[in-house]
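Undergrad: Protein chains in written order, with numbering that gives the first Met the number 0: chain A, 0 to 391; chain B, 0 to 271; chain C, 0 to 314; chain D, 0 to 504.
It is possible that part of the hints are untrue.
[Said to hold, decoys possible] According to the in silico footprint, chain C covers these stretches of chain B (three or more CB under 8 Å from chain C):
1. 204-218
2. 224-236
[As the list claims (entries may be wrong)] Here are the computed distance ranges between Cβ atoms for each label pair:
3. D/P264 / C/T240: 50 to 58 Å
4. B/W49 / D/P425: 47 to 55 Å
5. A/P75 / B/W49: 51 to 59 Å
The hints are simulated quantities; they were obtained by calculation from the structure and are not laboratory data. Note that CB positions come from ideal geometry on N, CA and C, so glycine has one too.
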Amino acid sequence: MNVLTVEGLDVGTADLQLVSDVSFTLVAGERVGLIGESGSGKSLTALAMLGLLPDGVRAQGSVRLAGIDHDLVGAPERRMAALRGDAMTMVFQEPMSALNPSMRVGDQVAEVMLLHGTQADRRAARAAAVEVLDSVHLPDPERLARAYPHQLSGGQRQRVMIAIALANGPSVLLADEPTTALDVTVQAQVLDLILSGVAERDAALLFITHDLAVVATVCERVLVMYGGRIVESGPVKEVFTNPHHPYTQGLLAASDMAGTGGRLRTIPGSVPAAGRFPDGCVFRTRCPNAADDCTVAPAWTESDGGGYACHHPVAAPEVPVLQVRERAVPDLPGRRPPPSSRSGTCSAPTAAGARRCGSRGHRCTRWAACRSTSRPGSGSGWSVSPGPASRR
Amino acid sequence: MTRTPAALVVGGAIVGIVVAAALLSFVWTPYDAVQVDPGTRLAPPGFAHWLGTDTFGRDVVSQLLVGARTTLFVGVVAVGLAGVVGTPIGILAAMGPPWLGELVMRTNDLVLAFPALLLAIMFGAVYGPSTLTAMVAIGIATVPSFARLARGGALQVLATEYVLAARSAGRPRTAIAVRHVLPNIAGLLLVQASVSFAIAVLAEAALSFLGFGTRPPTPSWGRMLQEAQQFLYLKPELALWPGLAIAIAVLGFNLLGDGLRDRFDPRLADRR
Amino acid sequence: MVLQLVRRTAVFAVSLVVASVVAFAFMSVLPGDPARVALGVNATEEAVAATRAAFGTDRPLVVQYLDWVGGLPVGDFGRSYVTAVDIGPQIVDRLLVTTWLVLSGMAVALVVAVPLGVLAAMRHRSAGGTVISAFSQVGVAVPSFLAGILLVTVFAVRLGWLPSGGWVPPAQDPVEFLRRLVLPALALGLVQGAVLTRYIRSAVLDVLREDYLRTARSKGLTPGRALVRHGLRNAAIPVVTVLGLQLATLLVGAVVVERVFVIPGLGSLLLDGVANRDLLLVQGVVIVIVLAVLVVNFLVDVAYTVLDPRLRRAT
Amino acid sequence: MTRSLLRPGVLLLAGVLLVAGCSAGSTASPGAAPGSPDAPLRIGLTAEPANLDFTRTDGAAIPEALLVNVYEGLVQLDQGTGEIEPALAESWTVSPDGLVYDFTLREGVTFSNGEAFTADDVKFSIERVRSDAWTVSLKSGMGVVSGVEVVSPTHARVTLSQPSNSWLHRMTTRIGAMFDPSGVDDLANTPVGTGPYTVSEFRRGDALVLARRDDYWGEKPAIARVDLQYFDDATAAVNALLTDGIDVIGTGAGPRGARAVRGDPRFQVIEGTTNGEVTLAMNNAAGPTSDPRVRRAIAMAIDHEAVLNTAWAGRGTLIDTMVPPTDPWYQPLPDVTPYDPAAARALLAEAGTPAPSLRMRIANLPYAVASAQVVQSQLREVGIDAQIEPLEFPARWLEDVFRNADYDLSIVSHVEPRDIRTFGDPSYYWRYDNPEVQRLLADSEAGTQEQQITDLQQVGRLIAEDAAADWLFLLPNLIVADTDVQGLPQNRIGESLDLTALSRG
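Take these sequences, add in the hints, and give me the full structure.
TA: Shown next as structure tokens:
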């Protein structure tokens, strides 16, 4: 069952179109990646869904959330406020600045529960906040609840943010590059928390990132955005092994997953400024396959549970661009994967362990190499390593 | 998104007009601004006297023009003094040993505790009220703003890599101060100058109003206002003109400061 | 923290001592011998000498200074050579009046500036925000004495709603006290309010861009409630500095406004002291004003640590 | 959304306005209160006394408030006729040689501290003026007294060292005030006199409150309480009058008070004369003005009528020498130094200083600042460059100009009665040293009344011909008051603002 349906979402200012005709759905418990370079409209799409667009930026189209009897686009602020933090929540990129510096951490967590009536009174909310903080594995949550954000590390703060986002059991969690700003050693733990959190609540996750490796590990489906449009979508395995859109191919090639041996390939040119994307196919100015007919916007081509929008799709490679192999992950008791399930040198999920790990060597910084991610209950996960095709 | 042009253009235009009026007054005014003419006392605005005359029969337009000169003079000397004294002190505080910086900043705080008006009244009490005492008092009271700004700016510049490189290359401190620090904080200082100018204009007006500023008969907007106060019942517009002149000049310098700030500190572009 | 406090207090004390030396030195430079001034034109040399001895102005300056400064902590500002009145109680009386004036001016400024500044920030793209910004720009440019003159002319002289000036202590007649406070408070407060509006607008604009405000909204707070619950306290931190500076400005602005409204405050005491060449009095008033400014600065520092937990010691 | 945020602010603002508005309505009563008989009569004045001790502090503000009202002398001036009339002395006789004055004192007079007034107090008070206790310059008026004798409790005899026609008149000024020996400890704050009023409160920077004495010996004044309210600024005083903050503006507000109430039936304007000669003092001993030709040139360069019209709205009287029209020896001298810029230029050229540069160090008082600008402008016409330098009055002006004579030109109003005599004192700040004038002044003291008049008229002419100073105009007695206030003095010829005749009708 779809918990979230986005249809024909346009976002723009009075004279600039920033996101065009974005449509996708999320199923309960599903984890979907939204990838693309900076400036491709990923964050705007998420903010539009939550109704948190900056001043002067407006959305059109339709965003429906299961159990909500109105369209989220254009809904009055009061109604949006009622479901933000409750049915749909979001974790932002910058944990350092996302928390109010002059308010105790516990109060910030408690607030979201008080606000939506999850907890009856302040006292109960405070108690619940400590519990939630405990559930995101923060040490000494009692004491931490009384701390101010500046007394916490970045990873701890992001845990607090996750606690806030999960406190009311949302049906949709939007995660906007939640680990980018963190030390690489902490990234894995935070990601774990998000995954186990959504899994527990059977919430749908829209994971925004430009890190393809994370998507490959975490997500089941992926949406590729460029120039404010979804240019390709489909199961991660399909899209990553057999990209149709030249942009997706470029992204994969440029991704550091694509190998350490050869020269890193990049997509020629750079992302144009907002509103400077060309007519027709938005990618044609940077596309190696561009031809005259690209001045006409390409139609959506369905393929393998997804699709793409391109006049000149990439031919299926003889050898997969990436080797994506399914790897069995043992079912884990509790929320925390036991150390034994992890590969590489990162044996302990604690911050201290991570720090130790980080100090041992750079191998750990390539987190795809030193970790695996569990999705409790499903017993499957993705691990990525460079395939031979990437060395051309 | 940025409104830089508006503030800069409007502020610059107003300041330009004030400066032009002051310069014009050196070569031409409709009438002698200080010549008393009992025959034309309190004349209404008209063809002969565009804005009328005051109780001494002096032409209001002429007085406003010469008043602009007084205002600018006070501002230039006060702000100039503050800039010339405050900037090197600030840079010195940033470049010198830590105790010097500390000493300078504490002295700064102390000077800040003597507001301009208080200083001017004290100066006026000792040396007699005059434009000079007003200027010097306002100038001294403005030194800390410049010193503080210069120190902050200099500390930032000194932390940049090219200055570190220059220092490690053994360039003398003064050269670094002149070649690297000063040019880089010049924009901020200009902003401060503009804002301080606005404050100086207000302070001069208040002092002249209290009788601690410009001496008669030298036209000054504050003094005109004080004299016009006697005629509020009869000719309220006499108070209007100098009041407007003060307000417009202050507005101009403030806008100019805002505009310059947007220019030199893009981070703040959307703030004001 | 304790060390910090000790250091701060030490700086405060040293500042005060230096300020007292400056104030004393300044007045010693004044031309004119208080004894001669007090005795008038035709005084004999013997009378002058006797009076000098009575005033204590025949002693070395250092002794005079120490004598004066030694009395300050216990409120002994000496006895005026001119009015033959103890200065301390006089300053206290006047300070009380000026404090009322400054605080009410501050209240007016806050009442005007907080909503307007916040509104201007929240609507900074709309016409309403622009209009507020423009008005605050113009307001900043109006000298408070001009505002005072205009207010008196319109509300006292033309409309006759309120008294044109004067002072009635609150204990004597609270209603009349308020009536007389309104116009001067407005004259002081409106102009400062305009200044404050700009700072609040700027501070709120900064806060509105903060990620934590977006976080607050993502929790389900409306923009207004998010700003009130998460923004204002943080916006208050830079504004408090301005408030501190403004208190000093108001204190001095009161000098002019007291003149316009005939209010027997510290400012008019200072001006009278200067006119009468009452050195001890001027000295006393100056040191009190400086002390007030220093105290306000000190309080601003304290307010900082209350408002911004980052400046506090770890809990 | 933003609206909810704004509501508290808007409400608060509305609340403040509401309080203001409510109180504006509810306290119309204090405004109406002056109608009741016990309400204080509020008189606005512009020069606040620094203290209440006129024995040690110069200036006109203290006697203005206290003389006649709080302190009384043996004799006083009739405000209408200028005649000397009995006060604490019921009557007096003068010996034929003019040296011995016998005063018969009124009985049943008490000081405000309860002490009885007797001849002992007369002796104490007069001798005190001659002691170091008095320091003001006017004390010199008592210099002719050689002794005071207590004949009986009601009979005091004063002996002069030489005949003095002016002494009795001077006894109407502050030096004639009668003190009680036990009441002089704190004159600066607690005056003790025999007058109909006592000082009940002195709120510095605000008001001097006078309360009627129930045990006053004479006819009690109609007004029980008078508040003398002091304004730094005349405009503020006028505002207060217009808004019923005060009932009367005494002199000092100048023409602007009269101008503000013109045609308003709520107010009356009283215009008369005073003793206040607005004098352009010229340093007779130093600088370019020590040359009589330069002084005469200055006097002839000034269009006095224009000065009066411009600086004081034409209110006031033109005088040609140091004599107001209310003195018996008044005489117009229009031809001595007529307005004649050409002649002025010629005189300057003759003196060898065609373009002198002069320091005009004036009192920073409204009439002086206004006059100075006109004078400066007119002097410029004949080539004289006069730099105006306002000095705080009284302190700075007294110090620099009056005591040290460190000036070329100065402007101040001389309000002491019969101050033409100052030209006989070479140390006075005019630094005018003319033996002929000094001789005439001495003669005027001894001779008959007629002799006194002719002598002083001659002095008046001499100082005008010498241009020992220039007399710009005589300040008017301009009083603006609520229409129902009666008994305001037409002229101000003494030092006091006489409150005893005031009433409300």
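Undergrad: Please name the hints from earlier in the document that this structure breaks, with their numbers sorted from lowest to highest.
TA: none
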